[in-house]
Each structure stands twice: as structure tokens, then as C-alpha cells.
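There are 2 protein chains.
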Amino acid sequence: MNLILLSGGSGKRLWPLSNDIRSKQFIKIFRRPEHSIPMGTEYSGGYESMVQRIYRQIRTVDPDATVTIATSKSQASMIHNQLGSDVGISVEPCRRDTFAAIALATAYLHDVKKVDENEAVVVCPVDPYVEDDYFVCLKKLCEAAGSGEKRLVLMGITPTYPSEKYGYIIPSGQGYIFKEKPKKELAEEYIQQGAFWNGGVFAYRLSYVLAKSRELLGTDRYEELLANYENLEKISFDYAVVEQETSLQVLPYSGTWKDLGTWNTLTEAMEEQAIGDVRFNETCSNVHAVNELGVPILVMGCKNLVVSASPEGILVSDKEASSYIKPFVDVIDQQVMFAEKSWGSYRVLDVEENSLTVKVTLNPGNKMNYHSHERRDEVWTVISGSGRTIVDGMEQPVAVGDVVTMAAGCRHTVIAGAEGLQLIEVQLGKGISAGDKKKYEL
Amino acid sequence: MNLILLSGGSGKRLWPLSNDIRSKQFIKIFRRPEHSIPMGTEYSGGYESMVQRIYRQIRTVDPDATVTIATSKSQASMIHNQLGSDVGISVEPCRRDTFAAIALATAYLHDVKKVDENEAVVVCPVDPYVEDDYFVCLKKLCEAAGSGEKRLVLMGITPTYPSEKYGYIIPSGQGYIFKEKPKKELAEEYIQQGAFWNGGVFAYRLSYVLAKSRELLGTDRYEELLANYENLEKISFDYAVVEQETSLQVLPYSGTWKDLGTWNTLTEAMEEQAIGDVRFNETCSNVHAVNELGVPILVMGCKNLVVSASPEGILVSDKEASSYIKPFVDVIDQQVMFAEKSWGSYRVLDVEENSLTVKVTLNPGNKMNYHSHERRDEVWTVISGSGRTIVDGMEQPVAVGDVVTMAAGCRHTVIAGAEGLQLIEVQLGKGISAGDKKKYEL
Numbered sequence: 016m017n018l019i020l021l022s023g024g025s026g027k028r029l030w031p032l033s034n035d036i037r038s039k040q041f042i043k044i045f046r047r048p049e050h051s052i053p054m055g056t057e058y059s060g061g062y063e064s065m066v067q068r069i070y071r072q073i074r075t076v077d078p079d080a081t082v083t084i085a086t087s088k089s090q091a092s093m094i095h096n097q098l099g100s101d102v103g104i105s106v107e108p109c110r111r112d113t114f115a116a117i118a119l120a121t122a123y124l125h126d127v128k129k130v131d132e133n134e135a136v137v138v139c140p141v142d143p144y145v146e147d148d149y150f151v152c153l154k155k156l157c158e159a160a161g162s163g164e165k166r167l168v169l170m171g172i173t174p175t176y177p178s179e180k181y182g183y184i185i186p187s188g189q190g191y192i193f194k195e196k197p198k199k200e201l202a203e204e205y206i207q208q209g210a211f212w213n214g215g216v217f218a219y220r221l222s223y224v225l226a227k228s229r230e231l232l233g234t235d236r237y238e239e240l241l242a243n244y245e246n247l248e249k250i251s252f253d254y255a256v257v258e259q260e261t262s263l264q265v266l267p268y269s270g271t272w273k274d275l276g277t278w279n280t281l282t283e284a285m286e287e288q289a290i291g292d293v294r295f296n297e298t299c300s301n302v303h304a305v306n307e308l309g310v311p312i313l314v315m316g317c318k319n320l321v322v323s324a325s326p327e328g329i330l331v332s333d334k335e336a337s338s339y340i341k342p343f344v345d346v347i348d349q350q351v352m353f354a355e356k357s358w359g360s361y362r363v364l365d366v367e368e369n370s371l372t373v374k375v376t377l378n379p380g381n382k383m384n385y386h387s388h389e390r391r392d393e394v395w396t397v398i399s400g401s402g403r404t405i406v407d408g409m410e411q412p413v414a415v416g417d418v419v420t421m422a423a424g425c426r427h428t429v430i431a432g433a434e435g436l437q438l439i440e441v442q443l444g445k446g447i448s449a450g451d452k453k454k455y456e457l
Numbered sequence: 016m017n018l019i020l021l022s023g024g025s026g027k028r029l030w031p032l033s034n035d036i037r038s039k040q041f042i043k044i045f046r047r048p049e050h051s052i053p054m055g056t057e058y059s060g061g062y063e064s065m066v067q068r069i070y071r072q073i074r075t076v077d078p079d080a081t082v083t084i085a086t087s088k089s090q091a092s093m094i095h096n097q098l099g100s101d102v103g104i105s106v107e108p109c110r111r112d113t114f115a116a117i118a119l120a121t122a123y124l125h126d127v128k129k130v131d132e133n134e135a136v137v138v139c140p141v142d143p144y145v146e147d148d149y150f151v152c153l154k155k156l157c158e159a160a161g162s163g164e165k166r167l168v169l170m171g172i173t174p175t176y177p178s179e180k181y182g183y184i185i186p187s188g189q190g191y192i193f194k195e196k197p198k199k200e201l202a203e204e205y206i207q208q209g210a211f212w213n214g215g216v217f218a219y220r221l222s223y224v225l226a227k228s229r230e231l232l233g234t235d236r237y238e239e240l241l242a243n244y245e246n247l248e249k250i251s252f253d254y255a256v257v258e259q260e261t262s263l264q265v266l267p268y269s270g271t272w273k274d275l276g277t278w279n280t281l282t283e284a285m286e287e288q289a290i291g292d293v294r295f296n297e298t299c300s301n302v303h304a305v306n307e308l309g310v311p312i313l314v315m316g317c318k319n320l321v322v323s324a325s326p327e328g329i330l331v332s333d334k335e336a337s338s339y340i341k342p343f344v345d346v347i348d349q350q351v352m353f354a355e356k357s358w359g360s361y362r363v364l365d366v367e368e369n370s371l372t373v374k375v376t377l378n379p380g381n382k383m384n385y386h387s388h389e390r391r392d393e394v395w396t397v398i399s400g401s402g403r404t405i406v407d408g409m410e411q412p413v414a415v416g417d418v419v420t421m422a423a424g425c426r427h428t429v430i431a432g433a434e435g436l437q438l439i440e441v442q443l444g445k446g447i448s449a450g451d452k453k454k455y456e457l
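Chains A and B supply the protein sequences, listed in that same order.
To convert a position in the first sequence, counted from 1, into my numbering, add 15.
To convert a position in the second sequence, counted from 1, into my numbering, add 15.
Errors might be hidden in some of the hints.
Copies of the same chain look alike in the list, so a pair counts if it fits in one copy or across any two.
Stated by the list, open to error - Pairs of lysine-lysine, DSSO-like flavour, derived with a Cα cap of 27 Å:
id, residue 1, residue 2
1, 249, 196
2, 27, 273
3, 198, 27
4, 356, 374
5, 445, 374
6, 318, 27
7, 249, 445
8, 452, 194
9, 318, 128
10, 374, 249
11, 196, 445
12, 198, 155
13, 129, 454
14, 194, 129
15, 341, 318
16, 27, 196
17, 88, 27
18, 88, 199
Simulated from the structure, these hints should not be mistaken for lab results.
Go ahead and model the full structure; you've got the sequences and the hints to work with.
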């Protein structure tokens with residue numbers, strides 16, 4: 016099975032666990048089944064993220080599936096960090112909605128991965144919370160598309176209530192009509208007419224979308240799409256393709272399917288009341304808490320509450336109210352306090368006017384880019400592990416307790432040894448910013 | 016007026032703002048009136064602590080009051096940090112309940128401060144939340160005691176409800192009877208009999224307590240009490256003295272008087288809904304939050320809640336439930352993450368198995384003790400200000416960006432210049448502990 020997973024969004028609705036660079040699909044919040052840790056990937060304390068969960072589920076149902084993740088540049092490091100280096104990534108140079116993303120990923124499969132244009136591929140979002148039978152259904156979609164009977168095969172999710180949050184696929188004569196987020200009364204009508212929720216899952220032969228790309232974007236070549244990406248039209252795959260298509264098939268899916276886009280829905284999928292060091296008194300009920308900080312959270316006498324603490328901030332919210340978080344988070348003007356990178360992670364420990372103190376964790380054998388800063392000096396103190404530093408071309412072994420000072424302008428990197436390496440980095444200067452960075456080849 | 020302020024307790028009930036070394040009276044939570052900042056003392060962002068508030072109020076009512084704080088060794092640094100070096104401190108070598116503490120402080124006034132034994136002194140707790148007229152009443156107590164008409168003068172607080180939390184002073188014939196924390200029905204009876212709450216405030220001539228000390232402790236000499244302190248009986252002043260005394264006068268006080276011992280009562284005295292970076296949505300009601308962390312707290316859709324975040328942890332509690340916090344905090348086994356010292360403050364930024372990263376802030380002109388550690392190396396990186404370091408006897412100027420490395424065993428200190436100094440300290444070694452410290456004379 017060929018699979019394209021769409022990994023989008025910045026996911027501010029799950030603040031403080033999600034931020035500008037950590038989208039909701041990367042938050043490690045689901046209890047990982049035992050004996051399921053792929054080698055060479057990053058898991059923390061027995062929990063997996065949405066993207067790790069879905070990737071594991073795919074591998075369970077189809078160990079040979081070719082998985083490509085369509086995503087933005089800013090997520091590529093995180094994906095490799097969480098899924099390892101085997102996974103294919105189709106990197107969008109900028110955001111151009113789902114039609115361009117799917118066209119690019121399809122061209123990537125064809126031109127880069129050399130998948131035959133008569134093979135089928137199934138596209139699905141990276142963030143639904145589903146059970147393994149969902150992937151069995153994906154396989155069926157793929158097979159149906161491969162048969163060529165219909166040009167496009169969709170997954171139709173059997174509705175369990177007249178939701179106002181989803182799109183509906185309504186049977187109409189020989190075809191289907193698509194409706195976005197209807198009011199409850201309309202939703203009830205649709206359901207009586209045999210409608211499905213639109214899960215955003217489609218399967219097609221590569222040739223189908225390649226043809227659409229030529230027609231709508233002027234080319235189906237991967238390199239050309241990539242080079243010209245920022246000029247492509249912003250249009251959704253639903254609007255550009257699905258709703259125009261008359262040769263459609265809908266395969267029903269009636270298993271578990273949840274959109275975990277808000278704290279309210281996410282906590283429903285948590286198997287435990289708490290992740291991290293959280294203590295409850297006996298009068299708490301329906302409280303969920305996630306604590307990524309190294310200090311305890313104590314919750315007493317609360318009901319229907321979500322508490323979430325990360326290096327970015329602390330949320331304390333009634334579960335219902337948590338759906339309306341976005342405008343509040345939008346106005347929080349804050350530097351990113353924590354990030355996972357392909358090589359490891361960093362965490363801001365202290366922010367002062369003219370200094371920033373950061374803890375850097377390098378995974379075994381990994382290294383930073385070779386880089387310099389114009390407007391800040393840096394001091395590294397190695398606190399665990401060992402490795403090598405290269406400073407202005409000079410290579411030196413380093414171990415716990417070693418201190419490296421780097422003046423502004425000086426080129427530097429650190430390479431972790433076999434057990435990884437952690438260091439405390441003190442940045443010093445006026446106008447410290449993440450943008451002040453030049454990269455070099457080593 | 017001579018005043019002894021009793022500053023006791025570790026105040027775990029206000030966790031996470033209070034901890035083993037920061038008692039509740041040192042938490043800066045009250046909006047400070049403008050133009051009231053004494054020179055040379057530490058205030059933070061317009062807020063003052065209970066001890067700062069009461070000290071300021073005393074100075075307002077009686078600028079010439081002689082104030083002595085009876086406290087433990089562990090609080091002495093904090094008191095000087097918050098009140099400056101002028102205040103007298105009677106340091107108890109260990110905790111021996113209020114009779115020993117008051118006997119020691121009285122002997123301190125007589126022997127060290129050379130106060131005449133015919134002068135009166137008033138003793139009161141450091142932590143009631145009161146308005147200025149309370150101190151006017153203290154003056155009256157002091158005058159009444161000075162007149163010598165009765166041997167002991169107490170403050171009786173006019174009850175506003177039949178509280179189960181306070182002691183009662185009940186008129187009985189020519190004298191008074193004392194009752195501890197009665198059930199509500201009994202409290203109502205007492206109030207009908209004209210009872211007062213016992214505010215723990217007493218005034219007497221020094222000679223009175225000096226005589227009691229000779230009688231009960233065998234001596235009234237300050238040096239002898241101090242040297243023999245740990246052998247003194249653990250007994251409260253109420254039990255040893257007040258309840259035995261027949262020559263008693265009670266002066267009523269009916270102004271504001273609150274015991275801010277729990278989050279529930281403390282937040283009632285907060286003039287604002289929040290201290291620190293806290294955001295509320297529009298559906299919050301009766302929520303108070305205190306945020307000592309550098310990242311935002313967002314509270315949505317909550318009622319009757321207190322949220323408090325410090326480097327020690329995070330509390331989210333229904334206000335009523337917050338009174339029952341103590342057993343939960345007692346089982347939190349944690350190192351102290353933040354402390355104010357006479358010379359400034361430190362804050363733990365990161366804890367790893369074999370390293371600890373700390374931010375040290377030295378107030379202008381202040382210095383650490385000259386000290387060494389057996390089992391850890393340290394690295395200092397200066398991030399603001401300037402000063403001098405002394406390492407194994409060698410003195411050197413230091414400024415922003417300078418790095419000082421100190422191997423285990425090496426003696427070291429840092430002295431801040433006129434604008435203060437901040438540094439990041441990385442501690443490295445196995446078995447890092449606060450106890451691993453030897454002090455030396457410089």
C-alpha cells in the first residue's frame with residue numbers, strides 16, 4: 016500500500032503542548048503498547064505522539080506500506096526525530112493548501128520514489144485518533160482505486176451524532192453532494208439521507224492526480240512543482256478535485272474515529288488521568304493533566320478540568336471552555352521554549368535581557384549544523400556524555416565538565432558520541448534571536 | 016514602642032510559593048503602596064510580603080519603634096534580604112515553641128539592646144493581615160503594660176463569626192478563661208458571653224518575662240538561654256504564662272484582622288485577581304492566580320479556583336479544598352528550587368542525575384560565603400553585571416561573558432560590583448547536595 020499522510024497545522028489549540036514549531040501531532044500523549052518501539056526513534060517515558068501512533072498502526076496492518084509524509088519544512092526535523100530516517104517526506108516549501116500538497120506528494124512518489132503511475136495511493140490526515148481497523152479500510156480504498164472502476168475512492172465515516180464540526184458526503188442519485196459543517200438540524204437531515212462524515216481520506220491511481228496537476232498547475236513534474244511552489248494556487252483538494260468528480264466511490268468506515276483537535280477531545284482519548292508528575296486529591300473528578308515540567312502539579316477539588324504545563328506555559332481550563340483557546344494563544348507573544356530537532360532537542364532554561372540559557376540534548380551520533388552567530392557569544396558546558404566540537408575548523412574531543420567559549424562570528428558545532436551528549440549553552444549579547452544564524456558546510 | 020515579632024513556621028499550606036526555607040510570611044503577594052520602598056531592601060515588581068507589610072505598617076504608626084524579630088536561623092538571611100540590616104533579630108538555635116522564643120527575645124532586648132527592664136514590650140505574630148489601626152492598638156497595649164496596672168495585657172479581637180479556627184478569651188468573674196478552637200456551637204456560646212478571639216498578642220514589662228524565665232528556665236541571661244537553648248522545654252507562652260496569670264487586662268480590637276494561613280484566606284486579601292503573567296477568559300469567576308514563572312498561565316471557564324505556580328511546582332485548587340493541602344505537600348520530596356538569601360537569590364534551572372544548573376543573583380555589593388565543595392566541580396558564566404571572584408586566594412575582576420571553572424575542593428566566592436551580578440552556575444559531580452559545602456574565612 017502507498018500512503019500519503021498529510022501533516023499540517025501549527026495546532027495552537029493544544030497550547031501549551033503545541034506551539035509554532037510543535038504541532039499537535041507531535042505531542043507524546045498516548046500510552047504506547049509494550050514491545051512496539053521502533054529502533055532509532057525518539058520516544059519519551061512510554062508515550063507516543065499522534066504521528067508515531069498512526070505510523071505504528073500502519074506498520075502493524077501493512078509492514079511493507081510505503082509511507083510518505085507531506086509536510087512543511089519546519090516539521091521535517093521533528094518527523095525524522097519521531098519516526099526515524101526511513102520515512103519518506105515530501106517537503107512543501109511553503110503552505111499552499113491541500114491540492115498543491117497532494118499534487119507535490121504524488122509527483123514525489125512518481126518521480127522520486129519511482130512508483131508506477133498505475134499504482135494506487137491513499138491520502139489521509141496524520142491526526143485522526145483511530146483503531147487498527149481504520150487501516151484495513153485504507154487498504155480496501157487503495158485496492159478499489161487500483162481496480163480503476165472509479166477514478167476516486169473516498170472514505171465515508173458513519174456518523175454517530177449530528178455533528179456541526181465535520182463535512183458531510185450525501186448520496187444523491189448516482190453521485191454524491193458535499194456539504195461543509197452544517198447546523199445541527201441540517202446534519203440530522205443529511206444523516207437521514209444516508210450521509211457520511213468526510214474523513215478527508217481519498218484513494219486514486221497516481222495517473223489521476225498527475226493529470227489533474229497538468230490541468231490545474233501546468234505540470235506534473237516534481238522538480239517543477241517544487242521550484243514553482245510558492246506561485247501555485249491556494250486551493251483545497253476537496254474543492255479542486257473531489258467535489259468536481261463524477262466517477263466517485265465511497266467506502267464506509269464505522270470504527271473509532273476521533274478528531275483530537277482540542278483539549279476537550281484529546282483528553283477523552285487519554286488512557287490515564289495524568290501524564291507526568293501530577294497529584295490529585297480524592298475530590299477531583301473528570302480532571303486530566305499533562306505535566307512536561309520537572310516539578311509537581313497538585314490538583315484539588317476540581318471537576319471537568321484540563322491542566323497542562325510545558326516549558327511554554329500553563330493551561331488551566333474547564334474542558335468545554337478549552338475549545339475556545341485559540342484567540343488567547345494567538346496573542347501570547349513568546350519565544351519558543353522547547354523544540355525537538357532531527358539531532359535531539361533544546362529547552363530554554365532562562366531568559367534575561369542580554370542572555371539566554373539553553374539546555375541542548377544531542378542524540379547519540381548526532382550533530383548540530385556548523386554555524387555562527389553575528390550578535391552573540393556562546394559558552395558551552397558539557398553536563399553529560401561526550402563527543403567532539405569543531406570551532407573555527409579546529410576539532411577537539413569534549414567530555415563532562417569541559418567548557419567551550421565561542422565569540423560572535425566564530426563557526427562551531429558539536430557532535431555527540433555513542434551515548435549522546437548534553438550541554439548548557441549560555442548565549443550572551445544584545446538582540447539575541449533565533450534568526451541570527453549562518454550555516455556552513457563542514 | 017518595643018516590639019517583638021514572632022516569625023515561625025515553614026508554611027507548607029501556601030505551597031508552591033512557600034517551601035521548607037521560604038515561609039508564607041516572605042511571599043510577595045500584597046500590592047505595595049507607592050512611595051513606600053525602604054532603601055536597601057528587596058522588593059519585587061510592586062509587591063511586598065507579609066513581613067514587609069507589617070514592618071512598613073509599624074514604621075508608619077511609630078517611626079521610632081524598636082523592632083526585634085524572633086525567628087530561626089534559617090530565616091535570618093531572608094529577613095535581612097527583605098527588611099534590610101537595621102532590624103534586630105533574635106535567632107533561635109532550634110525550635111522550642113513560643114515560651115522559649117519569647118524568653119530569648121526578651122533577654123535579647125534587655126542584655127543586647129540594653130532596654131530597661133521597666134520598659135514594656137509587645138509581642139505579636141508576624142503574619143496577621145491587618146490595617147494600620149491594629150498598630151495603634153498595639154501602642155495602647157504597650158502603654159497599658161508600661162503603666163504596671165496589670166502584669167499582662169492581651170489583645171482581644173472582636174469576633175465576626177463563630178470560627179472554629181481560633182482560640183477564645185472568655186470573661187469569667189474578675190478574670191478570663193482561655194479555650195482553643197471550639198466547635199461552632201460552643202463558639203457561639205462564648206461569643207454570647209462576650210468572648211474575644213485570641214490574636215496571640217501580649218504586652219508586658221521586660222521584668223515580668225525575665226522573672227518567668229528565671230522561674231521556668233533557670234536563667235534570664237541571654238547568653239545562657241542561647242547556649243542552652245536546645246535543652247529548654249517545648250511549651251507555648253499561652254500555656255506557660257497567659258493561662259496561669261491572674262493579673263490580666265484585655266484590650267479589644269475590632270478592625271481588620273485576617274489569618275492568611277491558607278490559599279483560601281490569602282486570596283481574599285489579594286487586591287488583584289492575578290500576580291504575574293496570567294490571562295483569564297471572560298467566563299472565569301472568583302479565580303485568583305499567582306505566577307512566579309517566566310511563562311504565561313491561561314485560565315478558562317473556572318470558578319472559585321486558586322492557581323499558583325513557582326519554581327517548586329504548580330497548585331490548581333478549588334478554594335475550599337485548598338485548606339487541606341498540607342498532607343499532599345508533606346509527601347512531595349523535592350529539593351528547594353528557589354531561595355532568597357541575604358546576598359541575593361538563587362534559582363535551580365535544570366536538574367540532571369549528575370549535574371545541576373542554577374542561576375545566581377547577587378545584590379549590589381553583596382557576596383557569597385567563601386566556600387568549597389567536596390564532591391562537585393562548578394562552572395560560572397557571568398550573564399550580567401560585574402564584580403570580583405576569589406578562587407583559592409586569587410582575586411580577579413569578572414564581567415559579562417567571563418567563565419570561571421572551579422574543581423572540587425577549590426575555595427571560591429564572588430563579590431558583586433555596584434550594579435549587582437548574575438551568573439549561571441553549572442554543578443557537576445555524583446551526589447550533588449546542598450549539604451556538601453565548607454565555609455572559610457576570607
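Consistency of the hints with the structure:
1. 249 / 196: So residue 249 and residue 196 pass the 27 Å test inside one copy only (21 Å; across, 72 Å).
2. 27 / 273: This pair counts as within: shortest intra-copy Cα distance 18 Å, inter-copy 42 Å.
3. 198 / 27: Within one copy only: 25 Å inside a chain, 51 Å across chains, cut-off 27 Å.
4. 356 / 374: both (13 Å within a copy, 26 Å between copies)
5. 445 / 374: Both: 20 Å inside a chain and 19 Å across chains, each within 27 Å.
6. 318 / 27: Both ways: residue 318 and residue 27 sit 24 Å apart in one copy and 24 Å across, limit 27 Å.
7. 249 / 445: Close neither inside one copy (39 Å) nor across copies (57 Å); limit 27 Å.
8. 452 / 194: Neither: 47 Å inside a copy, 71 Å across copies.
9. 318 / 128: Answer is neither; intra-copy 51 Å and inter-copy 56 Å both fail.
10. 374 / 249: This pair counts as neither: shortest intra-copy Cα distance 39 Å, inter-copy 48 Å.
11. 196 / 445: neither (49 Å within a copy, 59 Å between copies)
12. 198 / 155: neither (32 Å within a copy, 72 Å between copies)
13. 129 / 454: Neither: 32 Å inside a chain and 71 Å across chains, both beyond 27 Å.
14. 194 / 129: neither (36 Å within a copy, 89 Å between copies)
15. 341 / 318: both (22 Å within a copy, 21 Å between copies)
16. 27 / 196: within (21 Å within a copy, 51 Å between copies)
17. 88 / 27: within (18 Å within a copy, 48 Å between copies)
18. 88 / 199: Close neither inside one copy (38 Å) nor across copies (67 Å); limit 27 Å.
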